[in-house]
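Participant: Sequence:
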Amino acid sequence: EYAYGRGTVRTFEWETSFEYAYGRGTVRTFEWETSFLKGLGVKKDLPVFITETGWSQKNLKEEIISKKLNFAFENVWNDKNVVAVTPFILNYEFPPFDMFSWKNNGSYNSLYENMQKLSKIAGCPIQEDKADISRIFVPAINLLGREFTGLFFVENKGQTIWVKDNLKVIDENSNNLEIVKISLSSFEPGGSGFIVFRGISPTTEGNYQKSVQLMNNNSNISAPIYFKILSVATIRIKLEHFLDLIFALWHPDK
1 EYAYGRGTVR TFEWETSFEY AYGRGTVRTF EWETSFLKGL GVKKDLPVFI TETGWSQKNL
61 KEEIISKKLN FAFENVWNDK NVVAVTPFIL NYEFPPFDMF SWKNNGSYNS LYENMQKLSK
121 IAGCPIQEDK ADISRIFVPA INLLGREFTG LFFVENKGQT IWVKDNLKVI DENSNNLEIV
181 KISLSSFEPG GSGFIVFRGI SPTTEGNYQK SVQLMNNNSN ISAPIYFKIL SVATIRIKLE
241 HFLDLIFALW HPDK
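Numbering-wise (my numbering), the sequence shown opens with residue 1 and increments by one.
Read the hints as simulated data drawn from the structure, not as lab findings. No residue lacks a Cβ here, since even glycine has one placed at the ideal position from N, Cα and C. Be aware that one or more of the hints could be misleading.
Unchecked claim - Straight-line Cα separation of at most 25 Å, DMTMM-like style, residue types lysine to aspartate or glutamate; simulated pairs:
#1 Lys-181 - Glu-155
#2 Lys-120 - Glu-52
#3 Lys-117 - Glu-93
#4 Lys-120 - Glu-62
#5 Lys-80 - Glu-93
#6 Lys-181 - Glu-113
#7 Lys-130 - Glu-62
#8 Lys-44 - Glu-93
#9 Lys-43 - Glu-62
Claimed, not checked - Label-pair restraints from in silico Cβ distances:
#10 Phe-94 - Lys-67: 42 to 48 Å
#11 Lys-157 - Phe-36: 22 to 28 Å
#12 Asp-171 - Val-42: 22 to 28 Å
#13 Lys-157 - Asn-70: 16 to 22 Å
#14 Gln-127 - Asn-78: 53 to 59 Å
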């Protein structure tokens, strides 16, 4: 049988049963804490960071501690809300914390090697990645199937630092558009500036509504911003397109 309750281990041997205990003061302390918060009326599922955790090597062999850590990682700390688990001391070879260190006498011990072998998810905190495109400028008229150059103003409204090579501009059909230039005050949150891109006008005459979006790491991070472009066979505009052209000139983003 196992120990239950608030921080209890009862009469079981510490070396073999503590990882099975429930409640406050055990490897499941985070469950007790989240339950306590919900009792106070907190409804949100909060991320859990288990920090400075582990067992002292003063009274336990490395083999026993490895088993405890394996059990905790595979059966307890695999909870979907647990986003990080960090050891109490990774490298501290002098008293009073040398008993917790995973490095002794200049070399990493078996605890370190055991943790290396465990399958782990790469540490990548969840961050909001968001861009706000405030204004776009494109030519109101272009020849059939010809390239055109556009420009839009953008601001990093999220929590991530953008990397230039990871940014993409796509059209309403999810086609990648060529980025000519990226000019931002900063790629960090709050940074703003403009992006120049190239697109291709439709191959059939008409007044088209098109859009662009910004992507980062292959994920959409902005709402589409719309514009109209008049695609014609020649620059000598036909009379029936005249009103469309005037409208497009005065309302480039409608």
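Participant: All the hints need checking, so say for each whether the structure fits it.
Facilitator: Against the structure, the hints:
no.: 1; hint: Lys-181 - Glu-155; result: holds (15 Å)
no.: 2; hint: Lys-120 - Glu-52; result: holds (18 Å)
no.: 3; hint: Lys-117 - Glu-93; result: holds (23 Å)
no.: 4; hint: Lys-120 - Glu-62; result: holds (21 Å)
no.: 5; hint: Lys-80 - Glu-93; result: violated (34 Å)
no.: 6; hint: Lys-181 - Glu-113; result: violated (47 Å)
no.: 7; hint: Lys-130 - Glu-62; result: violated (46 Å)
no.: 8; hint: Lys-44 - Glu-93; result: violated (41 Å)
no.: 9; hint: Lys-43 - Glu-62; result: violated (40 Å)
no.: 10; hint: Phe-94 - Lys-67: 42 to 48 Å; result: violated (27 Å)
no.: 11; hint: Lys-157 - Phe-36: 22 to 28 Å; result: violated (35 Å)
no.: 12; hint: Asp-171 - Val-42: 22 to 28 Å; result: violated (44 Å)
no.: 13; hint: Lys-157 - Asn-70: 16 to 22 Å; result: violated (42 Å)
no.: 14; hint: Gln-127 - Asn-78: 53 to 59 Å; result: violated (22 Å)
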